[in-house]
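There are 2 protein chains.
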Amino acid sequence: MYKYKCIVSYDGHNYMGFQIQEELPTIELEINRALIKLVGKEVKIYPSGRTDRGVHARGQVIHFELENDIPPKGITAGLNAFLPQDIHIESTEYADADFHARFSAKSKEYRYYINIGNYDPLTINYAPFIKNLNIEAMKDAIKLFEGKHDFKGFASSSIDKRKDTVKEIYHTEINELNGYLEFVWIGSGFLKYQIRRMMGLLIEIGRGKEKKEMITYVLEKKDPKISHRSLDGCGLYLMKVNY
Amino acid sequence: MYKYKCIVSYDGHNYMGFQIQEELPTIELEINRALIKLVGKEVKIYPSGRTDRGVHARGQVIHFELENDIPPKGITAGLNAFLPQDIHIESTEYADADFHARFSAKSKEYRYYINIGNYDPLTINYAPFIKNLNIEAMKDAIKLFEGKHDFKGFASSSIDKRKDTVKEIYHTEINELNGYLEFVWIGSGFLKYQIRRMMGLLIEIGRGKEKKEMITYVLEKKDPKISHRSLDGCGLYLMKVNY
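Sequence lines, in order, name chains V and G.
Numbers 1 to 243, taken from the working numbering, label the letters of the first sequence in order.
Numbers 1001 to 1243, taken from the working numbering, label the letters of the second sequence in order.
Keep in mind the hints are simulated off the structure, nothing from the lab.
A hint or two may mislead.
[Said to hold, decoys possible] Listed below are the simulated BS3-like cross-link pairs for lysine-lysine, each with C-alpha atoms no more than 27 Å apart in a straight line:
id, chain 1, residue 1, chain 2, residue 2
1, G, K1037, G, K1003
2, V, K161, V, K148
3, G, K1212, V, K131
4, V, K143, V, K240
5, V, K106, V, K192
6, V, K3, V, K106
7, G, K1240, V, K131
8, V, K73, G, K1131
9, V, K106, V, K209
10, G, K1212, G, K1167
11, V, K212, V, K139
12, G, K1131, V, K240
Could you build all of it, start to finish, from the sequences and the hints given here?
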């Protein structure tokens, strides 16, 4: 068997998320279909993680195994020829036999974009519109997420109780671009809904409706039912997976 | 009756064009529905022109008449409350009794964007990807479109024979942005498919497959059947209508 690792970018707006859901439009379904066209049979693909509905990717990683040796450049070109134009294989390389897109990942980088300028119907599916944010308050508060914590309080409330919810956030930053805010999150891994719920609380702090101490409180309480508005998936981008 | 003029922006990617086509998703259908919710009855709207499937707008203009006087700011806020988030009323004002969004228009500005950098699945529905273009050749050639011409050769081949196909292009420019080319077209008006077909020939010139003299030839022949690749509507933006 030959093992391959691909870097994949996609516009999540047109899809119901990564994970296959029968015939609904999903990233996995489209890659599966393209692989069947390329190699003539069904091939199971493994992503670094399943992005939610509407979430975009510039550096998603998948792996899969083929019985026949196809040169990596042929995989990239072949898959791109069959994929819809809003899903794109950036590159393909051979992977070691023990490589696993999910379990071998050492860290991941996500970014979240918010439009703080004028309402724009042309970017609203790529960056939510939120006005009157205290940027300095958010820049101060986001640092409380850094380090090793039990993030259960920021996870989906339906999270499996046996799941290890201790993760480390290595780096955060908030950059002011031209009318947009860019939130950078680099960590060992992120739980389902974690970034969207951390963003939700951060925005409440930016709007002056919560104090930054609430972050510490939620981390200590470890109760996903302490509700915070979860920001929409449309502003979230999986940028890079490090191995 | 009270006459109103609205400036409308929209992401055309999710719509089958401006003009209503029964229950298919169109810009007109969505504005009609929002107006019915706002005023309680059907109101006919008139656009400056009907944008095609996938074409975007940052400055489309519509007019309509209401029996009751609603303040313009109330129309803007009311319609935006009922419209999908990818269609947005930028502003509303009272219009004179003889104002007509289409017939009163003095000139229109369109822009077309092409990605000349790296393939990007996240902008592919907003700017087609075309590599290896000779920008100087296109900057030179586009000037041949300026002035008053019979543009029948660049119109849709199904164009009504009685239609006046003489139009004037006042200004063109090609700007190099960060990895993108911006083509600016300002003219008295444009025929169905005209900009997409002019762009198609311009790109053939940029790729070295046609000479700029072909522009003069098509203008002189006035035959829409002389075929040129029409560029996709997804890169086209109606920016402004001047009255």
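**Message:** Of all the hints numbered above, which does this structure not satisfy? Sort the numbers upward.
**Reply:** Of the numbered hints given earlier, those the structure breaks are 3 and 9, listed in rising order.
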